[in-house]
Amino acid sequence: MTESLPKWADILLIPLVNLVLALIVSGIVVALIGKDPFEALYILVNGSVGSAYGWGYTLFYTTNFIFTGLGVAVAFHARLFNIGGEGQAALGGLGVALVLLYLPLPHWSLAIIAASLGAALFGAAWAAIPAYLQAQRGSHIVITTIMFNFIASALMVYLLSRVLLVPGAGGSPETARFVEAVRLPNAYDIAPWLGFSRSTPLNVSFFLALAACVFVWALIWRTRLGYEIRSFGKSEPAGLYGGISSTRITMVAMLISGGLIGLMAINSVMGEAERLVIDPVQGAGFVGIAVALMGRSHPLGVFLAALLFGALYQGGGELTFEMNGMTREIILVIQALVILFTGALDNMVRAPIARVFLTLRRKPAQKAGS
Amino acid sequence: MDFLDIIQILDSSLRLATPLLLACLAGLFSERAGIFDIGLEGKMLASAFLSAAMAAYTGNVWLGLLAGVLASLMLAAIHGVASITFRGNQLISGVAINFLASGLTVVIGEAWFGLGGRTPQLEGAARFHEITLPFADAIRGVPFLGPIYADLLSGHSILVYVALACVPATWWILSRTRFGLRLRAVGENPAAVDTAGISVVGLRFAAVMICGVLCGIAGAYLATALSAGFVKEMSAGRGFIALAALIFAKWRPWQALGATFLFGLLEALGNRFQSLELMGIAIPTQFMQALPYILTVVILAGFVGKAIPPRAGGEPYVKER
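Here the protein sequences come in this chain order: A and B. Position one of the first sequence corresponds to residue 1 (the numbering used here), numbered consecutively onward. Position one of the second sequence corresponds to residue 1 (the numbering used here), numbered consecutively onward.
Calculated directly from the structure, the hints in this document are not laboratory data. Glycine included, each C-beta is placed from N, C-alpha and C at the ideal position. Please note that a few of the clues may not be correct.
To be verified - Just the calculated beta-carbon pair ranges, DEER-fashion:
| hint | chain 1 | residue 1 | chain 2 | residue 2 | range |
| --- | --- | --- | --- | --- | --- |
| 1 | A | Asp-36 | B | Ile-158 | 40 to 46 Å |
| 2 | B | Arg-176 | A | Ile-24 | 44 to 50 Å |
| 3 | B | Val-201 | A | Ile-190 | 56 to 62 Å |
| 4 | B | Ala-282 | A | Ala-128 | 24 to 30 Å |
| 5 | B | Gly-280 | A | Val-49 | 47 to 53 Å |
| 6 | B | Gly-59 | A | Ala-128 | 52 to 58 Å |
| 7 | A | Arg-79 | B | Gly-114 | 44 to 50 Å |
| 8 | A | Glu-180 | B | Thr-58 | 56 to 62 Å |
Using the sequences and the hints given, assemble the complete structure.
In structure tokens:
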């Protein structure tokens with residue numbers, strides 16, 4: 001059925017149709033609770049991309065979602081469903097915090113390198129155990145990564161409330177603030193003429209996220225390892241026949257996936273909060289699933305989908321303030337529907353579109369024949 | 001800790017294990033038929049919301065229960081259509097259902113009641129109340145057995161007893177009826193069932209719908225019996241603990257009772273003690289909270305007794321053409 005679709009329809013048209021379907025269904029929900037869906041859409045768009053303030057937050061969220069989306073996408077290429085982004089990103093946050101609290105780093109440029117290593121290492125380590133259990137013991141990786149999300153959350157609460165807690169923080173479980181020297185420059189520091197406010201959360205890790213996109217593209221389509229990951233994902237027996245070790249690919253793909261997701265903490269922990277707080281992830285690990293699905297696991301697609309979800313998250317926050325009786329959780333509904341249409345109901349959307357293309361193609365052929 | 005303390009802890013374990021047990025049995029039906037369900041959490045949450053909302057609106061808890069079950073059935077139907085009819089990825093469908101429930105419950109709740117996603121406090125006939133089993137007061141004085149009957153077994157809401165009755169019922173349906181045999185077969189080898197002229201699609205839909213009903217009861221119990229009203233995200237990961245219990249129980253009903261009671265006990269202990277002293281080592285509560293998940297990973301890893309899932313689980317069935 002896929003062969004009957006041109007490539008552009010597969011990577012552009014179908015995700016767009018899915019998005020429109022998700023928006024229509026959410027619009028119906030909004031209308032059913034007695035609100036104006038078009039007003040809601042206007043506030044969403046205006047709140048996210050209508051001002052420099054909005055853009056600052058939109059791109060900040062986008063940065064998070066690029067990292068988690070890329071991570072999920074790399075695992076998808078090896079046909080592994082990494083649902084443990086929440087835990088891996090939280091552990092990435094721990095890695096960042098430990099590096100910045102205990103290493104005397106003189107400047108942010110050095111600190112971002114050290115902290116990235118810490119974040120990627122901790123994120124990868126948290127993905128390593130489920131990966132090992134999948135590869136060696138056949139434990140279903142979806143279930144183990146879900147379990148590891150909960151274990152991570154308990155571990156973080158324990159560490160923050162008993163071990164890393166600063167004396168006199170007023171009882172709120174968080175670490176001490178990182179030193180001023182390692183503060184990442186934000187969009188205002190870099191380009192004050194663009195109109196970002198002094199406190200905008202958008203910071204240099206956005207560029208790190210873009211670099212990660214290029215890295216993943218090169219890894220998947222331009223290296224031997226990427227080829228092995230893709231062929232393993234397409235067909236495990238064929239991969240085995242070609243001499244690709246399933247243990248090695250499962251481990252490596254999950255380590256890269258966890259590492260990329262862990263890097264998210266550079267943006268949220270080092271760039272924005274400047275200390276480790278309870279739940280620094282805020283659902284971004286799950287958004288990564290929607291982003292990877294919608295972006296068809298391609299870095300460019302992931303970037304565009306992350307931008308879309310960044311805008312949704314920022315605009316959704318505005319909805320709560322601007323519209324009476326409306327809450328930001330409508331974003332979760334849109335997110336759920338995007339996942340449902342792109343991931344689970346793919347055949348429902350794809351089959352009719354494929355049929356249309358088939359009839360379109362047959363007509364000229366018949367004319368040429370007669 | 002004396003005898004009455006232990007009775008009290010076991011009593012609250014039973015209370016806390018009930019939603020886990022119902023959700024676990026729900027997952028059992030679905031997964032034994034070959035449909036993975038990580039959307040137990042979402043179905044419980046949706047049911048918790050709608051049952052509390054309807055109970056608050058009508059003042060009748062039974063109407064609330066009905067509405068909760070319907071909400072859960074709606075989500076179960078989406079799961080069925082996505083994973084059986086359109087042969088989509090069952091795990092992704094489950095993830096979507098969880099988010100759908102998280103989002104819709106708050107959006108609708110805020111529009112309906114304007115309480116920041118909560119429902120009003122339920123009182124009187126809008127809640128399930130504790131029922132006292134016959135002769136409970138009369139035999140309380142009997143040593144040992146008296147308190148066990150009067151304080152541990154008696155004095156729960158009707159749904160606790162429903163959940164307990166579901167255990168033998170599930171066992172009987174699965175292992176002593178024709179429907180149960182077919183249901184298990186469809187989870188192991190759907191092609192064989194199809195060859196015998198029985199509808200794979202029909203059986204799997206039936207299993208997914210039974211799962212919906214049980215999750216619905218679990219959610220209604222959370223909002224109208226265990227607490228008095230709905231609050232945002234009140235299922236709090238219980239759907240996933242139930243999933244863990246299902247693996248821990250190796251997809252069997254009596255073991256499911258044991259596993260969910262154990263996890264209920266862990267939660268009860270965690271609620272009661274800030275930290276637990278065991279053989280001179282202080283165990284933090286967070287460890288107790290993480291223990292169900294750690295135990296599940298250990299079981300899954302196969303170091304202590306291997307958990308083997310139904311063979312056709314997670315794979316959509318494609319009829320030969």
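Evaluation of the provided hints:
Separated by about 43 Å at the C-beta atoms, Asp-36 of chain A and Ile-158 of chain B satisfy the suggested range of 40 to 46 Å. A hinted range of 44 to 50 Å for the beta carbons of Arg-176 of chain B and Ile-24 of chain A is consistent with their spacing of about 47 Å. Distance hint check: the CB atoms of Val-201 of chain B and Ile-190 of chain A are about 58 Å apart, consistent with the given range 56 to 62 Å. The hinted range of 24 to 30 Å is satisfied by Ala-282 of chain B and Ala-128 of chain A, whose Cβ atoms lie roughly 29 Å apart.
The hinted window of 47 to 53 Å between Gly-280 of chain B and Val-49 of chain A is violated, with their beta carbons roughly 59 Å apart. Hint check: Gly-59 of chain B to Ala-128 of chain A, Cβ distance near 54 Å, so the stated range 52 to 58 Å holds. Taking the beta carbon of each, Arg-79 of chain A and Gly-114 of chain B are about 46 Å apart, inside 44 to 50 Å as hinted. Range check, Glu-180 of chain A to Thr-58 of chain B: Cβ separation about 59 Å, and the 56 to 62 Å hint holds.
Checked against the numbered hints listed earlier, the structure breaks hint 5 alone; every other hint is satisfied.
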